[in-house]
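Peer 1: As they're listed, the protein sequences go chains A and B. In terms of this note's numbering, the first sequence opens at residue 1 and continues consecutively. In terms of this note's numbering, the second sequence opens at residue 1001 and continues consecutively.
To be clear, the hints were calculated from the coordinates, so they are not data collected in a lab. Any given hint could be a false lead.
What the hints assert, rightly or not - Chain B stretches covered by chain A per the calculated footprint, using a threshold of three residues with CB under 8 Å from any CB of chain A:
| no. | stretch |
| --- | --- |
| 1 | 1007 to 1013 |
| 2 | 1016 to 1028 |
| 3 | 1083 to 1090 |
| 4 | 1094 to 1108 |
Claimed, not checked - If you anchor each label on the Cβ, the simulated ranges turn out as follows:
| no. | chain 1 | residue 1 | chain 2 | residue 2 | range |
| --- | --- | --- | --- | --- | --- |
| 5 | B | Ser1035 | A | Gly165 | 42 to 50 Å |
| 6 | A | Arg113 | B | Leu1026 | 21 to 29 Å |
| 7 | B | Glu1167 | A | Gly185 | 40 to 48 Å |
| 8 | B | Asn1021 | A | Trp175 | 27 to 35 Å |
| 9 | A | Ala60 | B | Arg1020 | 41 to 49 Å |
| 10 | A | Gly165 | B | Gly1174 | 13 to 21 Å |
| 11 | B | Ser1165 | A | Arg57 | 19 to 27 Å |
| 12 | B | Ser1165 | A | Arg277 | 53 to 61 Å |
| 13 | B | Thr1198 | A | Arg110 | 53 to 61 Å |
| 14 | B | Ala1122 | A | Thr164 | 50 to 58 Å |
| 15 | B | Ser1165 | A | Gly42 | 18 to 26 Å |
Bear in mind that the values here come from a model prediction, so they are computed numbers and not experimental data. The beta carbon of each residue, even a glycine, is placed where N, CA and C say it ideally should be.
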Amino acid sequence: MTTTYAVLSEGLEKRFGEVRALAGLDLAVPEGTVCGILGPNGAGKTTAVRLLTTLLRPDAGSARVAGHDLVREPAEVRRRIAVTGQDVSVDGDLTGRQNLRLFARLHRIRDARARTAELLDRFGLAEAADRPVSTYSGGLRRRLDLAASLLRRPEVLFLDEPTTGLDPASRNRIWAAVRELRERGTTVLLTTQYLEEADRLADDIALVDRGRVAHTGSPAALKALVGAYAEAVVTDPAALVRAAAVLDRLTGAEPALDAARLTVGAVSTDPALTLPRLVRELDAAGVPLADARLRPPTLDDVFLRLTGSKEPVA
Amino acid sequence: MNTLAHDGTAMLGRQLLRMRNNPGLLILTQSMPVSMLLFFGYVFGSALAMPGAEYRAFLVPGLLVATAAGGIMTGMFQAAQDTHRGVTDRFRTLPVSRAAVPLGQAVADLVVTAAGTVPFLAVGLAVGWRVEGGALRAAGALGLLLLFRFAASWAGIWLGLLTRSEEAAGQLGGAVFLLPLLSNAYIPVEGLPGWLRTLAEWNPISAVTTALRDLFGNAPVPDGAAWPVAHPVAGALGWCAVLLAVFVPLAVHRHAHGKG
Chain A
1 MTTTYAVLSE
11 GLEKRFGEVR
21 ALAGLDLAVP
31 EGTVCGILGP
41 NGAGKTTAVR
51 LLTTLLRPDA
61 GSARVAGHDL
71 VREPAEVRRR
81 IAVTGQDVSV
91 DGDLTGRQNL
101 RLFARLHRIR
111 DARARTAELL
121 DRFGLAEAAD
131 RPVSTYSGGL
141 RRRLDLAASL
151 LRRPEVLFLD
161 EPTTGLDPAS
171 RNRIWAAVRE
181 LRERGTTVLL
191 TTQYLEEADR
201 LADDIALVDR
211 GRVAHTGSPA
221 ALKALVGAYA
231 EAVVTDPAAL
241 VRAAAVLDRL
251 TGAEPALDAA
261 RLTVGAVSTD
271 PALTLPRLVR
281 ELDAAGVPLA
291 DARLRPPTLD
301 DVFLRLTGSK
311 EPVA
Chain B
1001 MNTLAHDGTA
1011 MLGRQLLRMR
1021 NNPGLLILTQ
1031 SMPVSMLLFF
1041 GYVFGSALAM
1051 PGAEYRAFLV
1061 PGLLVATAAG
1071 GIMTGMFQAA
1081 QDTHRGVTDR
1091 FRTLPVSRAA
1101 VPLGQAVADL
1111 VVTAAGTVPF
1121 LAVGLAVGWR
1131 VEGGALRAAG
1141 ALGLLLLFRF
1151 AASWAGIWLG
1161 LLTRSEEAAG
1171 QLGGAVFLLP
1181 LLSNAYIPVE
1191 GLPGWLRTLA
1201 EWNPISAVTT
1211 ALRDLFGNAP
1221 VPDGAAWPVA
1231 HPVAGALGWC
1241 AVLLAVFVPL
1251 AVHRHAHGKG
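Using the sequences and the hints, build the whole thing.
Peer 2: Laid out in structure tokens, this is it:
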């Protein structure tokens, strides 16, 4: 069976004045899968979503979304997608119910009243339904946003940082909804800053850096590319350089020295590195150790390793 | 066209719901012209050469038009707010007619303006303003007023989509408040120095105001005025046509394509 792609982009570019927000984005999301776009602030995630949802026109490149050309048939694309994002919002002056009814009308859903009630219920919004949205908490609001996107089942759902700043209960509800949609065959493209979120939801992750896809793969494949973060704390500043030499050899990466904290650390390129080996080798080199540890890679570590980018992850 | 009507009606419904949910702002904007009529009519009116009652009759059409010009402010503020809050973008991702969103906003504004005109004119009648030119001409005056409001709204919507920030829209709104001051809305401009009088008479507000005064029969068309004021009905219609021809396409295009 040949793979059909719900989102297929080639060389998408977008410039804002001097800033190149997207510098040739190639993305292939098979139908019925969840794709996580992972990257630091400013990597181009939101711009990618805005282009793929017809909110912005690309300066160069092409893309097909739900089988239609983004630039030539934007109306056809809009008929088949839904967007929930940081800057794509419901109306704060209306109540939750009024919002859903309005969007149901715009979608020409016949039984708008029943569909609205059903979604309010499903997202735990029944109680807040008749309050103005401006009084909602962040979590309630995001759930309403998502409900508005699901009034008519989209072929491709775009979620731009759907859980940023949410409490765990709201986050879990959104995660559950994404899984359910995938079960029913909807393709989901979500951007996130959280490795954990991509890890739990995505079939594939596209690591975006400086407007390009730096790496793609399943979460497991990406994590396997990056080993643990190895760190050693010494008792004597004079031993820092010796410790760094050991870490350099074991991790295959250039360690960072922190003289004030008497610490040396590096992200390992070797996934097989163990704590006993780290301690043994440091001890054998005569490093007076106060502490040594290995911790799972963070998103920062993955970025540092795979893109060489030192941009902080907010 | 069918889509536009359907989507436009839905958007109109949205705007009316917003006003129902938040009546405070509506009451404030609607009571503003009434208080201005009372302040200007009695405070300023007492210092003018024109007798008080005559000035108030002169002032009612002027205030109607000055308030209609405020459609720039209302349109701008609402469009900027929707854009800033991301509501505009949500509409833009939906399969709705591109013109429906601004059209719904402009029509809703028209409905509110029409409703607000009734209490204002009631106060006008109470302070001495009268319809002196017949019912048909008066209906024409009201139609012209609403057409001007509609045009002002579209200009405002375009500006709001352009500024994208509620603060900037608020500041620009202050400038809109000054527009009627350089027109014949509040005072006769025949006494101004020649160049200033010409400037004031080429202000669209002057043509529309003169047309209303003429149609209501409140004051004669001034002698020696610039063309749009000398031919006030044609001038006012012309101004509305120009404003609509410029700002409707601009606003629809801006809404459809956003900032990029």
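Peer 1: Determine for every hint whether it applies to the structure shown.
Peer 2: Going down the list of hints, with the structure as the test:
Only residues whose beta carbon comes within less than 8 Å of a beta carbon in chain A count, and the stretch 1007 to 1013 of chain B has 3; three or more means the coverage holds. A count of 4 residues in the stretch 1016 to 1028 of chain B with a Cβ less than 8 Å from any Cβ of chain A is obtained; the coverage claim is therefore met, three being the minimum. Look at the stretch 1083 to 1090 of chain B against chain A: 5 of its residues bring a Cβ nearer than 8 Å to a Cβ of that chain, three or more, so the hint holds. With a threshold of 8 Å between beta carbons, the proposed coverage of the stretch 1094 to 1108 of chain B by chain A holds, since 3 of its residues qualify and at least three are required.
Evaluation of the 42 to 50 Å hint for B/Ser1035 and A/Gly165 yields a pass: the beta carbon distance comes to about 43 Å. Between A/Arg113 and B/Leu1026 the CB atoms are about 27 Å apart, so this pair conforms to the stated range of 21 to 29 Å. Between B/Glu1167 and A/Gly185 the C-beta distance comes to about 45 Å, which sits within the given range of 40 to 48 Å. Separation of B/Asn1021 from A/Trp175 is about 32 Å and conforms to the stated range, judged on CB atoms against 27 to 35 Å.
Distance hint check: the CB atoms of A/Ala60 and B/Arg1020 are about 47 Å apart, consistent with the given range 41 to 49 Å. Take A/Gly165 and B/Gly1174: their Cβ atoms lie about 35 Å apart, and the range 13 to 21 Å is violated. A beta carbon spacing of about 23 Å between B/Ser1165 and A/Arg57 agrees with the range 19 to 27 Å that was offered as a hint. Distance hint for B/Ser1165 and A/Arg277: a CB-CB separation of about 57 Å, consistent with the stated range 53 to 61 Å.
At about 59 Å, the CB distance of B/Thr1198 to A/Arg110 agrees with the hint of 53 to 61 Å. Roughly 52 Å separates the CB atoms of B/Ala1122 and A/Thr164, a value that falls within the hinted 50 to 58 Å. Distance hint for B/Ser1165 and A/Gly42: a CB-CB separation of about 21 Å, consistent with the stated range 18 to 26 Å.
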